[in-house]
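Asks: Sequence:
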Amino acid sequence: MDKSIINKFYNLDTDQRIEVLYKMGLISSDEKIILENQSQVLSIDNADKMSENVIGVFGLPLSIASNFLVNGKEYIVPMVVEEPSIVAGVSSAAKIIKNSGGFTARLKESFLIGQIQFIGIKDIEKQISILSEHRSEILKRANNLLPNLVKRGGGVEEIEIHKINLGQETSIVLHLLVNTSDAMGANLVNSLCEELSVYLEKLVEAKTGLKILSNYTDRSIVKIDAEIKTNFLNKNGYSGEEVRDGIINACNFALSDPYRAATHNKGIMNGVDAVAIATGNDWRAIEAGAHAYASSNGHYKSLSKWSLNSNGNLVGQLLLPLKLGIVGGSLAANPGARLGLNITKVKSSSELSELIGAVGLAQNLAALRALVTGGIQQGHMKLHARSVAVSAGVPGQFFSEVVREMIDSGEIKSWKAKEILEKKIKQLSKTNQLKKDNKIFRGSASGKYILLGEHGVVYKQYAIACPIESAVDVIISKRSKKSLFVLSGYRNIRVSKGSEFFEYFKSMVKIICNSLNVDEFDAQFEIHSRIPLAMGLGASASFSVALCKAIINTLQLSKSIEEINQIAFECEKVNHITPSGIDNTVATYNSAILFKEGKSIETLSNDISGSLPIVIGLSKSSSKTADMVRTVNNLYKQNKSIYQNIFNQMGDISKKGFHALKKKNYDELGYLMNISQGLLNSIGVSNPDLESMIEISRSSGALGAKITGSGGGGSIIALCPEMELNISENLKNAGYETIVINKSTKFYEK
1 MDKSIINKFY NLDTDQRIEV LYKMGLISSD EKIILENQSQ VLSIDNADKM
51 SENVIGVFGL PLSIASNFLV NGKEYIVPMV VEEPSIVAGV SSAAKIIKNS
101 GGFTARLKES FLIGQIQFIG IKDIEKQISI LSEHRSEILK RANNLLPNLV
151 KRGGGVEEIE IHKINLGQET SIVLHLLVNT SDAMGANLVN SLCEELSVYL
201 EKLVEAKTGL KILSNYTDRS IVKIDAEIKT NFLNKNGYSG EEVRDGIINA
251 CNFALSDPYR AATHNKGIMN GVDAVAIATG NDWRAIEAGA HAYASSNGHY
301 KSLSKWSLNS NGNLVGQLLL PLKLGIVGGS LAANPGARLG LNITKVKSSS
351 ELSELIGAVG LAQNLAALRA LVTGGIQQGH MKLHARSVAV SAGVPGQFFS
401 EVVREMIDSG EIKSWKAKEI LEKKIKQLSK TNQLKKDNKI FRGSASGKYI
451 LLGEHGVVYK QYAIACPIES AVDVIISKRS KKSLFVLSGY RNIRVSKGSE
501 FFEYFKSMVK IICNSLNVDE FDAQFEIHSR IPLAMGLGAS ASFSVALCKA
551 IINTLQLSKS IEEINQIAFE CEKVNHITPS GIDNTVATYN SAILFKEGKS
601 IETLSNDISG SLPIVIGLSK SSSKTADMVR TVNNLYKQNK SIYQNIFNQM
651 GDISKKGFHA LKKKNYDELG YLMNISQGLL NSIGVSNPDL ESMIEISRSS
701 GALGAKITGS GGGGSIIALC PEMELNISEN LKNAGYETIV INKSTKFYEK
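End of the sequence shown = 750 in my numbering, gap-free, step of one.
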C-alpha cells in the first residue's frame, strides 16, 4: 500500500481521518485513542511547568500532509499551522514531485556551534597561536564534559578560531562544533561553553565574554533536490511550460530583490515551521538560522533556486540550515510533540531534517505555482471561508453548505455566513415538519453509572447502578435499499460503510431482528448519544435498548419491557462477552437498582437516584470492559480465595450503600464509596489518570470518589452535595471533561 497517498482525505470528518490513519498502520491503537480523546493537547499543569505566568493552553490545528516520497521512502507529515491553504498546497506539490520521482535529500554533516568569546586581548595573534597549539587538549577536555553524548556517538568534533572586529577592538571567538547526535542539544552546548571557559581563560590569560550556542547552523545544511516533469505542472488553463517558466522567473526575482525574497522565504518557512512545531522542535531558532543563511553573501536572497535542465524539466533546489532533535527538549513534556514525531516514522534527527527540508521545497513550489497561475488568493478562498464559518458559529450539520454558498456569493464575511445559516435553519424546520407528517420511529434509553459493586457483580455479588436519563435516542426513518448510520451528540460521525462503527451498528440491527423473529431491514438510523463511548457509562447497552425500542415501534410490534431487556442483554454479549446484565437492565428500566445475578432486582424511585449530587469525571483514555473483566478474571484464577474475599466485601458494601441511598445518608454513602475505591485499586483496575481525578475530587470537598465501570481508563464518580460545580470546574482545570448530575440538571452539563 502506498502510505503517502490518502485519497479524498479532506472529504472525511476528523474521526474518519483518524480511523484511516489507524487502518493504514500510520498510527498505533494507543495513538488512535489519544487523538479520539484529544489527549495529545498539553495539560494546564504541564504548561505551567514549562513557562511562567501561565493562564491557559493555546490551541492550533494539527493536520496531516500526504504524498511525500523522500530518498525513496514514503512519509505522512504532521503540520501544526492555522494559515489557510498551506497543508492542501504542500500535499498537492508533494504529489507532483512524487509523480516525477520524489525528493532527493542529503544532510552531509550536522553540527551545533557553541561560541566562546574572548575580550580584552592585547596580543591577538599570540592567543590564536596558543589556542591552535592546544587544539587536541581543548577537544579532549570538551568531550570529557560530555561523557553521555560521546557514548551515543556524538561530541565535539572540531574547533574553529575566528577574529571579530568590534570596532574599538578585535575579539577572538572560539567555535565548538558539536555533534549532538539525535538530541536538540541547546542546553547541552550552553553548559559546555560555560564549563569549558574556565579552562580556556587560564590557557589564554584572558577573560571570556559571551558563552552560548549559535542558532546560525551553517554546519548543518540540508540539501533538497527535485526534478519535475513539465506535464505535471499545468493548472487553471496554463500549460506546463508556462507554469515552469513562470516559477523560474519568480525565483529569479527573489534571488535579486530582498523585498520579494522575504515573502518568498516566508512561504518556505510556512511549511518548515509547521512540521517543526508538530515535532517539538524550536521553530524560532530555525527561522533565525534560515534568514541568516539567506543573507550569508551580504545580500538577502531566496533560499531556493528553480531552473530549467537539458530535458526541459523544472529543477528545484533548497539549501537550508536545520539542526533538529528527536529526543529531549519539549518532546518529554508535550504529548502532542511525541505524537507528531511518531507519525513521521523517522529514525534519526538527520532524517527529520531531510523530511522537513522536503516540506519546505514543496511549500515553495505550491506557492509559486499558485502565484503564476492566477494568484494565491484563489487557493486561499475556500479555506478562508471555512475560517469565517467557524468564527460565525456555524454548526457542523450546515457547515459545508454555508461555506460553499459564501464562496459562490463572493461575500466571504461573517454576516453572510449568518444570513445563509438563518435560511438553512428555516429550511430544516420545514423538513422536520415533513418528517413528522411522514412518521419517524424513535427509541430512547438511559445510560448508567455504577455507584458501588463493579467487578464484584461479575462474581455474583450485589452492585448498585444509577441511570443517566435520556442518554441515547435512536430515530429510524427513510426505509431504503442501503443502511445509513449517523452518530451525533457527544460525537458527530457520518458512519462509513465498512468502518468499525458501521459493522457494529449493523450487527446490533441483525441481533435485534433475529430476536424479534423478523427480517433484517435497511433504513436510515440516526443515533444521538449524549454520553461518550467506551467510558464506563453504559453507552453500548443504552444504544441496544434504544435501537430495540425504535425497531419495535417501526414494525409496530408489542413487546414487554423484560423482553426488551433480554434482547439488549444478547446485544451486550458482542461487547462484553460475559456481561453481568446490569447495564442493559438500568438502560431498560431507567431506575436505580440493586442488582445481583439470579436475584430479583430491587429498584429505587428516580426521585432518589435522580437527585444524587454526582459529578462524573472522564479520563483521557477509553476503557474496554471485556479486556478489564478478562484481566481481573485471570488474576482471580491465580488467587481465588483472596479475590473472592474482595468481591464478597464489594457485595456487602453495595447492600449497605443501597440502604444509605434510600435514606439519603450521603456521609455514609461517600464513606462506602471511598472504601470501594480501595478495593478496586487492590485488584489493579485503577491508573494514574483515574487516581488524579479522584484526588482532585476528594481534595475539593467530595464526600466520596471512585472509579465507575470497569476501570483501566473510562470514568470516575464523585459524591459532592452542594459542591458539584466547584468540583466540576477543578476537574476541567486539570484537563478533564465532566458530566454533572443533580437536582437542577436532570441530565448533565459538559
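Treat the hints as calculated values from the structure; they're not laboratory data.
Ideal Cβ positions, reconstructed from N, Cα and C, are used throughout, including at glycine.
It cannot be assumed that every hint is accurate.
Pairs of lysine-lysine residues, derived as BS3-like cross-links and limited to a Cα-Cα distance of at most 30 angstroms, are as follows [unchecked claim]: (1) Lys-559 x Lys-8; (2) Lys-482 x Lys-418; (3) Lys-163 x Lys-460; (4) Lys-482 x Lys-413.
Cβ-Cβ distance ranges computed for the label pairs, FRET-style [said to hold, decoys possible]: (5) Leu-210 x Glu-125: 17 to 27 angstroms; (6) Lys-126 x Glu-195: 16 to 26 angstroms; (7) Lys-418 x Ser-558: 42 to 52 angstroms; (8) Gly-120 x Asp-45: 25 to 35 angstroms; (9) Leu-210 x Asn-11: 23 to 33 angstroms; (10) Leu-60 x Glu-422: 51 to 61 angstroms; (11) Asn-53 x Leu-319: 54 to 64 angstroms; (12) Lys-126 x Asn-249: 51 to 61 angstroms; (13) Asn-514 x Leu-60: 40 to 50 angstroms; (14) Glu-500 x Pro-395: 36 to 46 angstroms; (15) Leu-60 x Ser-29: 46 to 56 angstroms.
Asks: For each hint, tell me whether it holds in the structure or not.
Replies: To see whether the hints hold, each was checked on the structure:
1. Lys-559 x Lys-8: Violated - the C-alpha atoms of Lys-8 and Lys-559 are around 45 angstroms apart, more than 30 angstroms.
2. Lys-482 x Lys-418: violated (35 angstroms)
3. Lys-163 x Lys-460: violated (84 angstroms)
4. Lys-482 x Lys-413: violated (39 angstroms)
5. Leu-210 x Glu-125: 17 to 27 angstroms: Holds - the Cβ-Cβ distance for Leu-210 and Glu-125, about 22 angstroms, lies within 17 to 27 angstroms.
6. Lys-126 x Glu-195: 16 to 26 angstroms: holds (25 angstroms)
7. Lys-418 x Ser-558: 42 to 52 angstroms: holds (48 angstroms)
8. Gly-120 x Asp-45: 25 to 35 angstroms: violated (47 angstroms)
9. Leu-210 x Asn-11: 23 to 33 angstroms: violated (53 angstroms)
10. Leu-60 x Glu-422: 51 to 61 angstroms: violated (30 angstroms)
11. Asn-53 x Leu-319: 54 to 64 angstroms: With Cβ atoms ~39 angstroms apart, the hint is violated.
12. Lys-126 x Asn-249: 51 to 61 angstroms: holds (54 angstroms)
13. Asn-514 x Leu-60: 40 to 50 angstroms: holds (49 angstroms)
14. Glu-500 x Pro-395: 36 to 46 angstroms: Taking Cβ atoms as reference, Glu-500 and Pro-395 lie about 26 angstroms apart, which means the hint is violated.
15. Leu-60 x Ser-29: 46 to 56 angstroms: Roughly 26 angstroms apart at Cβ, these two residues miss the hinted range, so it is violated.
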